[in-house]
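K.L.:
Residues -5 to 263 (the working numbering) are what the sequence shown spells out, left to right.
What the hints contain is simulated information worked out from the structure, not anything from laboratory work. One should not assume that every hint holds.
Unchecked claim - In silico DSS-like pairs for lysine-lysine, Cα to Cα no more than 25 Å straight-line:
| id | residue 1 | residue 2 |
| --- | --- | --- |
| 1 | Lys194 | Lys225 |
| 2 | Lys92 | Lys(-3) |
| 3 | Lys245 | Lys194 |
| 4 | Lys14 | Lys206 |
| 5 | Lys14 | Lys46 |
| 6 | Lys226 | Lys117 |
| 7 | Lys234 | Lys244 |
| 8 | Lys117 | Lys29 |
| 9 | Lys92 | Lys64 |
| 10 | Lys29 | Lys46 |
| 11 | Lys234 | Lys257 |
| 12 | Lys206 | Lys226 |
| 13 | Lys234 | Lys14 |
| 14 | Lys257 | Lys194 |
| 15 | Lys46 | Lys64 |
| 16 | Lys14 | Lys64 |
| 17 | Lys225 | Lys107 |
| 18 | Lys(-3) | Lys226 |
| 19 | Lys225 | Lys200 |
| 20 | Lys194 | Lys(-3) |
| 21 | Lys200 | Lys257 |
| 22 | Lys206 | Lys225 |
| 23 | Lys206 | Lys194 |
| 24 | Lys206 | Lys244 |
| 25 | Lys225 | Lys(-3) |
| 26 | Lys(-3) | Lys107 |
| 27 | Lys32 | Lys46 |
| 28 | Lys206 | Lys257 |
| 29 | Lys206 | Lys245 |
| 30 | Lys117 | Lys92 |
| 31 | Lys29 | Lys14 |
| 32 | Lys29 | Lys107 |
| 33 | Lys200 | Lys14 |
| 34 | Lys107 | Lys92 |
| 35 | Lys234 | Lys107 |
Said to hold, decoys possible - Here are the in silico distance ranges between beta carbons for each label pair:
| id | residue 1 | residue 2 | range |
| --- | --- | --- | --- |
| 36 | Thr60 | Glu241 | 37 to 45 Å |
| 37 | Ala180 | Thr254 | 40 to 48 Å |
| 38 | Ala115 | Met252 | 40 to 48 Å |
| 39 | Asn50 | Glu219 | 25 to 33 Å |
| 40 | Val191 | Lys29 | 20 to 28 Å |
All C-beta atoms in this analysis are idealised placements derived from N, C-alpha and C, irrespective of residue type, glycine included.
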Amino acid sequence: MDKTIFITGASSGLGKTTAKLFAANGWTVIATMRKPEKETELTEWPNIHLLKLDINNTEQIAQVATEAEKIGSVDVLFNNAAYGLMGAFEGTTDEQLKQQINTNFLGTMLVTKSFLPFFRARKSGTIITVTSSTVNIPYPFVAVYAATKAALETWTEGMSYELNEFDIDIKTVVPAYMQTNFGNNAQMVLHQDYEAVFNKYLTRMKADASTKRDLPEEIADIVYEASTDNKKQLHYTAGKLSTTEYEWLKKEGIESVMNTMNKRFFVHV
């Protein structure tokens, strides 16, 4: 299969799993990360090419897009790079807010923008962005993270009109919690006045999520489906947990869902 995918945030978790899945299916994979010199597993694949990319570096983004196109005409752009920010909003510093928005939202848009001239010239291409089930089911203490993912959902929907003229598809894959180190690697925000309720939430959340997390391989399968099904489908709910949450929202409505979430984590309504 003479196809090429460009992946951001491929050093671990879903990004790395997706890189291996596409490589196993014969794709040329351009796997990007901030420190490719530390990567050992992906270097064993002859059809995986590692490139250095920090999606907060605007000059580097344009350079890497051009370099990637020299390796192979990119058919699929997979926007995966992101990180979690967890804690009381009041405790976040201005720098933490800027960094979260720049990485999860602005960086993704800039990477996409850098590939659009190539996609338009070929009148083909698929853009897939990872969002989160938190855009459907609000979870406590991740309001900023969820806001960046919700913004990507709306951006994708709006962009679909603009790109349709050039036969470019744009989609989102919407997972819930996965069995990766994403949560462990999240940046924690501390505020002493919220400490008690935050710790209560963390304890219940960890106990609740431990038995429900989806495998990254299951989510990568959905990324592959979205890349190859030739459907004009905007959103792909990915994994059992995300699907369950989405069905719950459709059935009960947001007010009922949030009432239940309050009881689930805080037992005060």
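K.L.:
All the hints need checking, so say for each whether the structure fits it.
P.N.:
To see whether the hints hold, each was checked on the structure:
With a CA separation close to 43 Å, the supplied pair Lys194 and Lys225 exceeds the 25 Å bound. Distance check on the hinted pair: Lys92 and Lys(-3) sit about 35 Å apart at the alpha-carbon level, beyond 25 Å; violated. For the given pair, Lys245 sits about 28 Å from Lys194 by alpha-carbon distance, which is inconsistent with the 25 Å threshold. At roughly 24 Å between alpha-carbon atoms, Lys14 and Lys206 fall within 25 Å of each other, so this suggested pair holds.
A C-alpha spacing of about 18 Å is found between Lys14 and Lys46, which places the hinted pair at or below 25 Å, so the restraint holds. Pair hint Lys226 plus Lys117 holds up; C-alpha atoms about 15 Å apart against a cutoff of 25 Å. Restraint check for Lys234 and Lys244: satisfied, since their Cα atoms lie roughly 15 Å apart, inside the 25 Å limit. For the suggested pair Lys117 and Lys29, the alpha carbons sit about 33 Å apart, so the restraint of at most 25 Å is broken.
Proposed proximity of Lys92 and Lys64 is contradicted: the alpha carbons are some 33 Å apart, above 25 Å. For the hint pairing Lys29 with Lys46, the CA-to-CA distance comes to about 6 Å; that is within 25 Å, so the pair holds. Between Lys234 and Lys257 the CA atoms are separated by roughly 23 Å; this keeps the pair inside 25 Å, and the hint holds. Only pairs whose Cα atoms come within 25 Å are accepted, and Lys206 paired with Lys226 is rejected, the gap being roughly 30 Å.
The suggested pairing of Lys234 with Lys14 holds, with an alpha-carbon distance near 22 Å, which does not exceed 25 Å. A distance of roughly 12 Å separates the Cα atoms of Lys257 and Lys194; the hinted pair therefore holds under the 25 Å criterion. The hinted pair formed by Lys46 and Lys64 meets the criterion: a straight-line CA distance of about 15 Å does not exceed 25 Å. With a CA separation close to 21 Å, the supplied pair Lys14 and Lys64 stays within the 25 Å bound.
Using a Cα cut-off of 25 Å, the hinted pair Lys225 and Lys107 holds, with the two alpha carbons roughly 22 Å apart. Between Lys(-3) and Lys226 the CA atoms are separated by roughly 19 Å; this keeps the pair inside 25 Å, and the hint holds. Among the hinted pairs, Lys225 with Lys200 is inconsistent with the structure: their alpha-carbon atoms are about 36 Å apart, more than 25 Å. For the hint linking Lys194 to Lys(-3), the alpha-carbon distance of about 48 Å lies beyond 25 Å, and the restraint is violated.
For the given pair, Lys200 sits about 16 Å from Lys257 by alpha-carbon distance, which is consistent with the 25 Å threshold. About 29 Å separates the Cα atoms of Lys206 and Lys225, which puts this hinted pair outside 25 Å; it is violated. For the given pair, Lys206 sits about 19 Å from Lys194 by alpha-carbon distance, which is consistent with the 25 Å threshold. For the hint linking Lys206 to Lys244, the alpha-carbon distance of about 20 Å falls within 25 Å, and the restraint holds.
Taken as a hint, the Lys225 and Lys(-3) pair is honoured in the structure, with Cα atoms around 17 Å apart against an allowance of 25 Å. The hinted pair formed by Lys(-3) and Lys107 meets the criterion: a straight-line CA distance of about 21 Å does not exceed 25 Å. Distance check on the hinted pair: Lys32 and Lys46 sit about 11 Å apart at the alpha-carbon level, within 25 Å; holds. Straight-line distance between C-alpha atoms of Lys206 and Lys257 comes to about 19 Å, which keeps the hinted pair within the 25 Å bound.
The straight-line distance between the Cα atoms of Lys206 and Lys245 is roughly 20 Å, inside the 25 Å bound, and the hint therefore holds. For the hint pairing Lys117 with Lys92, the CA-to-CA distance comes to about 34 Å; that exceeds 25 Å, so the pair is violated. Between Lys29 and Lys14 the alpha-carbon distance is near 18 Å, which keeps this suggested pair within the 25 Å criterion. Straight-line distance between C-alpha atoms of Lys29 and Lys107 comes to about 23 Å, which keeps the hinted pair within the 25 Å bound.
As the CA atoms of Lys200 and Lys14 are separated by approximately 29 Å, the hinted pair breaks the 25 Å bound. Only pairs whose Cα atoms come within 25 Å are accepted, and Lys107 paired with Lys92 is accepted, the gap being roughly 20 Å. Between Lys234 and Lys107 the CA atoms are separated by roughly 32 Å; this puts the pair beyond 25 Å, and the hint is violated. Our hint of 37 to 45 Å for Thr60 and Glu241 holds, since their Cβ atoms are close to 43 Å apart.
Between Ala180 and Thr254 the C-beta distance comes to about 24 Å, which lies outside the given range of 40 to 48 Å. With their beta carbons about 46 Å apart, Ala115 and Met252 fall inside the hinted range of 40 to 48 Å. The hint said 25 to 33 Å for the Cβ distance between Asn50 and Glu219, and at roughly 30 Å that hint holds. Restraint check, Val191 to Lys29: a C-beta distance of roughly 36 Å breaks the suggested window 20 to 28 Å.
Violated hints, in rising order: 1, 2, 3, 8, 9, 12, 19, 20, 22, 30, 33, 35, 37 and 40; the structure is consistent with all others.
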